[in-house]
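If you want the building blocks of each chain, they are given just below.
Protein chains: 4
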Amino acid sequence: MLKELKREAYEANVALPRHGLINLTFGNASAIDRPSGVFAIKPSGVDYAVLRADDMVLVDLEGRKVEGALNPSSDTPTHRRLFLAFPGVGGVVHTHSSHAVAFAQAGRPIPILGTTHADYFNGDVPVTRRMTAEEIASAYEWETGNVIVERLAALDPADFPGVLVNRHGPFAWGPSVAKAVEAAVAIECVAHMALMSLQLAPALTPIEPELLAKHFKRKHGPGAYYGHGAAERLASNWRE
Amino acid sequence: MLKELKREAYEANVALPRHGLINLTFGNASAIDRPSGVFAIKPSGVDYAVLRADDMVLVDLEGRKVEGALNPSSDTPTHRRLFLAFPGVGGVVHTHSSHAVAFAQAGRPIPILGTTHADYFNGDVPVTRRMTAEEIASAYEWETGNVIVERLAALDPADFPGVLVNRHGPFAWGPSVAKAVEAAVAIECVAHMALMSLQLAPALTPIEPELLAKHFKRKHGPGAYYGHGAAERLASNWRE
Amino acid sequence: MLKELKREAYEANVALPRHGLINLTFGNASAIDRPSGVFAIKPSGVDYAVLRADDMVLVDLEGRKVEGALNPSSDTPTHRRLFLAFPGVGGVVHTHSSHAVAFAQAGRPIPILGTTHADYFNGDVPVTRRMTAEEIASAYEWETGNVIVERLAALDPADFPGVLVNRHGPFAWGPSVAKAVEAAVAIECVAHMALMSLQLAPALTPIEPELLAKHFKRKHGPGAYYGHGAAERLASNWRE
Amino acid sequence: MLKELKREAYEANVALPRHGLINLTFGNASAIDRPSGVFAIKPSGVDYAVLRADDMVLVDLEGRKVEGALNPSSDTPTHRRLFLAFPGVGGVVHTHSSHAVAFAQAGRPIPILGTTHADYFNGDVPVTRRMTAEEIASAYEWETGNVIVERLAALDPADFPGVLVNRHGPFAWGPSVAKAVEAAVAIECVAHMALMSLQLAPALTPIEPELLAKHFKRKHGPGAYYGHGAAERLASNWRE
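Protein sequences, first through last, are from chains G, X, U and L.
For the first sequence, the tail end lands on 303 under the working numbering, and the numbers increase by one without skipping.
For the second sequence, the tail end lands on 303 under the working numbering, and the numbers increase by one without skipping.
For the third sequence, the tail end lands on 303 under the working numbering, and the numbers increase by one without skipping.
For the fourth sequence, the tail end lands on 303 under the working numbering, and the numbers increase by one without skipping.
Hint data in this document are derived by calculation from the structure and do not stem from the laboratory.
There could be a bad hint or two in this list.
[Unchecked claim] Straight-line C-alpha distance at most 25 Å; calculated DMTMM-like pairs for lysine to aspartate or glutamate:
#: 1; chain 1: L; residue 1: Lys277; chain 2: X; residue 2: Asp96
#: 2; chain 1: X; residue 1: Lys128; chain 2: X; residue 2: Asp96
#: 3; chain 1: U; residue 1: Lys282; chain 2: L; residue 2: Asp222
#: 4; chain 1: U; residue 1: Lys280; chain 2: L; residue 2: Glu204
#: 5; chain 1: L; residue 1: Lys277; chain 2: X; residue 2: Glu206
#: 6; chain 1: L; residue 1: Lys280; chain 2: L; residue 2: Asp222
#: 7; chain 1: X; residue 1: Lys282; chain 2: G; residue 2: Glu206
#: 8; chain 1: U; residue 1: Lys282; chain 2: L; residue 2: Glu130
#: 9; chain 1: G; residue 1: Lys66; chain 2: G; residue 2: Glu130
#: 10; chain 1: L; residue 1: Lys280; chain 2: X; residue 2: Asp110
#: 11; chain 1: X; residue 1: Lys282; chain 2: G; residue 2: Asp118
#: 12; chain 1: G; residue 1: Lys282; chain 2: U; residue 2: Asp118
Please work from the sequences and hints to get the whole structure.
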């Protein structure tokens, strides 16, 4: 069932350690089939080295396991929350990539300091507020999704394809799970660059709005002219 | 004799450079067979590239070599001290991984600043006091074990699967030597993240007790719900 | 057409990720055939893993596509601007390498603090001024070339084989595209070293003029005595 | 002629990029045959990827090329100076490894902050004074050797198997060229650790003399008990 979806989710999951985003078994990726409302997600605590496409667990938007021999990732409720809140999103990725986590732990957004960042985000990579003791004690992973949704309330998830959960780490998304992986790579990359720029110039201000708009729109939306076609059209289309 | 134990110790030792925890020949791992009170440990000063499972040296809890053509690691008395003090421990790992050593040299514990850390440690990664001239001059490696045991006196080694020896570097342990390797990886990883978070926010405070408890208990103890079964049950069982 | 030129450009492009200079698809290299005034450049947004020599796009110095099934890199006008301004340049490379970007984002030149740097640059790696809203709104990539040319106005591009575009990242060049790749590697390397030296000694001053001259001239110009011949003669010749 | 010596020098040279100590073609290693007073050294400016054992150039202690189709490394006079000054040294290595260069550029010794460092150096990794304009203008590479020898005047090169040349980078040595490579790896490693420890504790003081003596003597001299024999006996023997 949904063989292709499981393959996409699998490819995204194994791409994470290849991009250096994963330590140990931290991290997971999921891909959703919108017509059926079913998503494929990594099983919990399985080593990436032995993971197979058939290990992907199918879960529906009510949180019921539809197929799979193993338990879905313990972060499944967070993925589900995001799929429900962001109808244009086709894939979600969670990592503990080191530089992004450094900002998340510090409770600071990743400031937009250059064009690398502006190619992916239409502003700072936002950071959520800290979770309350009540949120943590109740349905923790679901509430993790809730603080993300709350933080994105005034933002378009197509303009901001990721967020830092305070004290925790990055979640990223996109029109496809492959695009979500790309956003996760971008978050880690710009976190590293921003950390170093702040060492060189602690009072550095964000880039100029014109430069941000130019770079973001080069790759996103109807006027995009970067790239060779399909992938970018996809990126602009999911914004409807 | 104890072929399987030697294989486990061997696998753990060669995992160390693969995880980027080792520079030169620094570092060693050991696994104990509790019924016989014998542990297998890396021979001293052998290059990881040429190490074989049969090179592992068997030593008993009185420190006598039981089997092996080579000398056991010069750190053997530290391992022995830990096996004696912590009856639930099945494996011990020592590395000079760079970021963990940075904290050890600075004499600072690794502060618990996020959930990555809370998945493995029930608080800061502790640091020992400095050793005295007397301790250094006498049975140095045994005394290294003693300052670790002293530091862990009020802590459960299942809650704190590792420590930084002041001026030196990390020792990690677990119910199995594979779990000890995982703890050593986690220590290095959270040291790196903490170092960067402190650059971004020098006055950063530890995470909230609720968040710590939530994450630590997700993976440890009777209520654990992370992972796919066996490995995690093992982790919760050795706490008895 | 110009098969060898396309191969050179291809080799340079795939060398960029091998040298760790590339994140995602950021970065591009081009090589020019001076007699025909045609240069070969990477197509836009293609993954390095699937890139082939035949994918290189041929463009002339008026900016017209001469050959190629794909679109040329969106940065093509910057390359073209540099080929027009610097007649001795045979190849141009653009990357978003992390440490160089850190300086570019901070708007700081990379200060010349040691001989590694002096082997490649006859002074600081310069940084352009920020671009104006007008420049960004009009022919952005062409104007990017213009601020580079403006910054190099009083400098010899053979003495300064690269620059940081403010808020953006490094562009490098050389008598051949292979030499431009080498300059891009050098820029990233000295950026990393300078960042760390400034942490150790924030008020560090540039190296002495005698040491700079000695090292730069060891490898460049008529008195060069470093290297085994051809490559270095090439380097000295393109200066006439 | 001296086939085995050329092989040793070759193995040491190609080990440098494998240990991550080399950027571009920076760096070189040499091995000396004391009875004949001839040393084998890397040719100048050759890419490590295409280097062969037969490319090693043989040079005598008067600086005359004895054998070889290519030019010897431009740093040959520095190697020669060290072989003349330190009769116990069998091999010399020069790199531009990033963290060691960071200290060299800052003109700071690498402070001895932990046992990793004490396993290799009997104190700080020393840094030379800056070279004078006269020294730079005359026989530069020979004078580079001279400032090293001057800095080591009151130190035993067996206790301090390397140095940082101010504004430049590390030179390392040992009883064999393989041991010199090991010292070069150690210098880079402890530079990285020290840089981070100083970020965590800027006023950190050196380790206690007892701990330094303990660790250094564990691996060096007549009382050494680390390692499996031959290599370490060699290390202790070259001190007579």
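**Request:** Could you check the structure against the hints above and give me the numbers of any it violates, in ascending order?
**Result:** 1, 3
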